[in-house]
Every structure is written in structure tokens, then in C-alpha cells.
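Student: Sequence:
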Amino acid sequence: MNVAKQDVTFTSEGLNCKGWLYLPEGEESGKKPAIVMAHGFNAVKEMHLKSFAEKFAEEGFVVLVFDYRFIGESEGEPRQHVIPAEHHKDYRNAISWISNHDQVDANRIGIWGTGYSGAHVLHLAAIDSRVKAVVAQAPVVNGLKSARRLMRNDVFQGFIQNLSAYRLARYMGAAHQYVPVVAPEGEVSALPIPDAFEWFMETGNTVAPNWENRVTLESMEALLEYSPDSTIERISPTPLLMLVAESDQLATADLSIEAFHKAHEPKKLMIFPGGHYSAYTEPGLSVFLPPQVEWFKEHLM
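With our numbering applied, the sequence shown covers 1 to 301.
Note that these hints are calculated values from the structure, not bench results.
Hints may be right or wrong, so weigh each one.
[As the list claims (entries may be wrong)] What follows is a list of derived Cβ distance ranges for each label pair:
| hint | residue 1 | residue 2 | range |
| --- | --- | --- | --- |
| 1 | Arg-130 | Ala-85 | 10 to 20 Å |
| 2 | Glu-282 | Asp-102 | 27 to 37 Å |
| 3 | Asn-16 | Val-155 | 36 to 46 Å |
| 4 | Thr-231 | Arg-167 | 23 to 33 Å |
| 5 | Ser-29 | Arg-167 | 54 to 64 Å |
| 6 | Ala-85 | Asn-16 | 16 to 26 Å |
| 7 | Glu-25 | Ser-51 | 10 to 20 Å |
| 8 | Asn-205 | Ser-29 | 42 to 52 Å |
| 9 | Lys-268 | Ala-169 | 43 to 53 Å |
| 10 | Ser-29 | Arg-149 | 48 to 58 Å |
| 11 | Arg-130 | Met-172 | 37 to 47 Å |
| 12 | Ala-174 | Glu-294 | 42 to 52 Å |
| 13 | Ala-106 | Glu-25 | 12 to 22 Å |
[As the list claims (entries may be wrong)] Within a straight-line C-alpha distance of at most 25 Å, the following computed SDA-like cross-link-like pairs (lysine to any residue) qualify:
| hint | residue 1 | residue 2 |
| --- | --- | --- |
| 14 | Lys-297 | Glu-59 |
| 15 | Lys-50 | Ile-95 |
| 16 | Lys-50 | Phe-197 |
| 17 | Lys-18 | Ala-85 |
| 18 | Lys-268 | His-299 |
All C-beta atoms, glycine included, are put in the ideal place defined by N, C-alpha and C.
All chains, full assembly: derive it from the sequences and hints.
Tutor: Right under this line is the structure:
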């Protein structure tokens with residue numbers, strides 16, 4: 001099936017979010033199911049999301065891929081402000097926008113997320129009844145537990161003290177402080193694993209020059225407070241597909257599997273070889289993507 005791609009804008013909390021709308025072109029008439037997608041953490045839509053969106057659209061779905069406020073092409077200050085509660089609003093406003101599209105059946109909308117947005121879609125599927133199917137790829141299910149695994153205890157305690165001092169400084173009017181998203185091994189960063197450094201630097205240099213290697217320090221505080229595993233049992237009866245990478249160092253497999261077992265049916269867990277970033281390009285893409293297509297087709301078509 002041929003696919004048309006459009007640059008689109010929708011409003012979220014008074015600001016413009018930029019996105020891509022993929023429309024299947026064919027002889028079939030009538031309204032179509034839709035999928036809403038966004039990237040993880042501060043990654044921008046240019047970072048390989050088109051591979052997923054194009055495939056979904058080729059199978060007959062209307063697909064909206066967007067950048068959150070404060071990130072990428074979307075509006076909002078401070079820049080690189082990665083706050084789950086704000087991302088949730090953007091996802092929900094994206095659902096509202098696409099629900100009003102003349103080619104979309106508002107009763108057949110699915111949501112897709114990866115990494116940090118994998119966490120977002122778990123949370124949203126638990127609270128927004130408009131969501132009729134969800135795919136969570138390598139989701140970060142508990143920010144605090146994940147962070148503790150990435151830092152020695154003494155480093156973690158120092159980090160908490162820095163966050164407390166930063167919150168006081170912000171209250172007193174100080175400007176936002178920033179931390180690198182990734183950095184060479186041994187240097188401070190939000191995602192302190194070699195896989196993250198390699199993926200973000202390579203992807204930023206090749207396909208996403210608008211990506212910025214920084215997030216506000218407040219973003220890190222929000223990460224520690226984020227626990228979509230605490231509401232995952234509320235997703236049912238919305239069908240849940242969770243995909244886990246067995247060597248993932250950010251969204252570790254055991255935490256994801258533990259969270260999955262809290263969810264009720266209908267649900268499906270798939271575990272694949274690879275790390276956190278394996279799904280975006282070949283050979284991992286051909287492993288992770290087909291079951292996602294089938295899940296959405298089964299539950300939305």
C-alpha cells in the first residue's frame with residue numbers, strides 16, 4: 001500500500017507540537033484505525049521512528065509521530081525539559097487531535113512507545129479509555145530502580161543531594177541547569193552506558209542534527225519519581241504487547257518482566273536478543289517490528 005506523509009502541527013497546552021502524519025493510500029474506503037507514536041527521553045522523531053511509522057501505515061493505519069513540547073521541532077521553554085507528566089499531556093492531546101481527523105475511526109486508536117515513551121504508553125493505557133491497544137518496546141518501568149542500577153550508592157546519594165540543592169536554587173530564581181544526556185565513559189551523563197553514548201552520537205550525527213545532548217536537571221528528578229509499573233495492572237482490558245531486549249542495560253529485562261506479570265489479560269510478552277537500541281535498525285528492526293504490526297492489526301482492525 002502506498003503511503004503519503006505530511007508535516008503537521010497540533011496544539012498541546014497552548015504550544016505547537018510538530019509531527020508527521022502518515023496516511024495509507026488505497027482503494028479501501030471508510031475510516032481507518034490510527035496509531036500515535038513518540039520517542040523516548042529527549043530523542044527526536046527523526047531518530048529512526050519513520051521505519052516503524054511507514055510500516056504501520058503500509059498495513060493500513062493512519063500514524064501520527066510527534067515531538068514533545070520542549071524537544072525537537074516543537075515549541076516550549078525551557079528546551080530539553082523531559083518531564084513525564086508533560087509528555088503524557090502531549091500524547092493525550094495528540095490522541096484528541098488525530099481522533100478528529102476525517103480519515104480516522106476514533107474508536108480504534110492505539111499508542112506506541114519505546115524506552116521512556118514505552119513507560120508513557122503503559123501509564124496512558126492505564127488511565128485513558130480512548131486507547132484500544134498498546135505496544136511498549138523496551139519500556140523503562142521504574143525510574144528509581146533503573147537509576148540505582150546505573151550508579152554506585154555513594155554516587156547516587158551525592159546525586160540526590162545535588163538535586164535537593166538545585167530545587168532550592170530554582171525556587172530562589174536560578175536558571176535551569178543542564179546535564180549531558182550521554183558522555184564518554186567515566187563522565188557524568190543522564191544515560192551512563194556505552195550503548196547510549198554510541199547510539200545517540202551516531203544517530204544525532206547521521207539522521208537527527210537537531211537533537212541536543214542535554215536535559216534539564218529537573219528532568220532527572222522527574223525520572224526518579226516515575227513508576228508506571230505501579231499502575232500497569234489497570235491497563236486491562238486494553239490489549240498490551242511488551243517487547244523486552246534481554247541485554248538491555250537501561251530498561252533491564254528483569255524489571256520489565258516483573259512489571260508485565262502485574263498486568264492482567266489480554267497481554268503478551270516477547271523477549272528478543274539485543275540491547276536497548278537494537279530495535280531501531282537492522283538486524284533488530286526485522287525482529288522487533290513484525291509482532292508489533294500483527295498486534296495492532298489483531299486488536300484495531
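Student: Please go over all the hints and tell whether each is borne out by the structure.
Tutor: Consistency of the hints with the structure:
| no. | hint | result |
| --- | --- | --- |
| 1 | Arg-130 - Ala-85: 10 to 20 Å | holds, 18 Å |
| 2 | Glu-282 - Asp-102: 27 to 37 Å | holds, 36 Å |
| 3 | Asn-16 - Val-155: 36 to 46 Å | holds, 39 Å |
| 4 | Thr-231 - Arg-167: 23 to 33 Å | holds, 25 Å |
| 5 | Ser-29 - Arg-167: 54 to 64 Å | holds, 55 Å |
| 6 | Ala-85 - Asn-16: 16 to 26 Å | holds, 19 Å |
| 7 | Glu-25 - Ser-51: 10 to 20 Å | holds, 19 Å |
| 8 | Asn-205 - Ser-29: 42 to 52 Å | holds, 44 Å |
| 9 | Lys-268 - Ala-169: 43 to 53 Å | holds, 46 Å |
| 10 | Ser-29 - Arg-149: 48 to 58 Å | holds, 51 Å |
| 11 | Arg-130 - Met-172: 37 to 47 Å | holds, 41 Å |
| 12 | Ala-174 - Glu-294: 42 to 52 Å | holds, 50 Å |
| 13 | Ala-106 - Glu-25: 12 to 22 Å | holds, 21 Å |
| 14 | Lys-297 - Glu-59 | holds, 8 Å |
| 15 | Lys-50 - Ile-95 | holds, 19 Å |
| 16 | Lys-50 - Phe-197 | holds, 22 Å |
| 17 | Lys-18 - Ala-85 | holds, 19 Å |
| 18 | Lys-268 - His-299 | holds, 12 Å |
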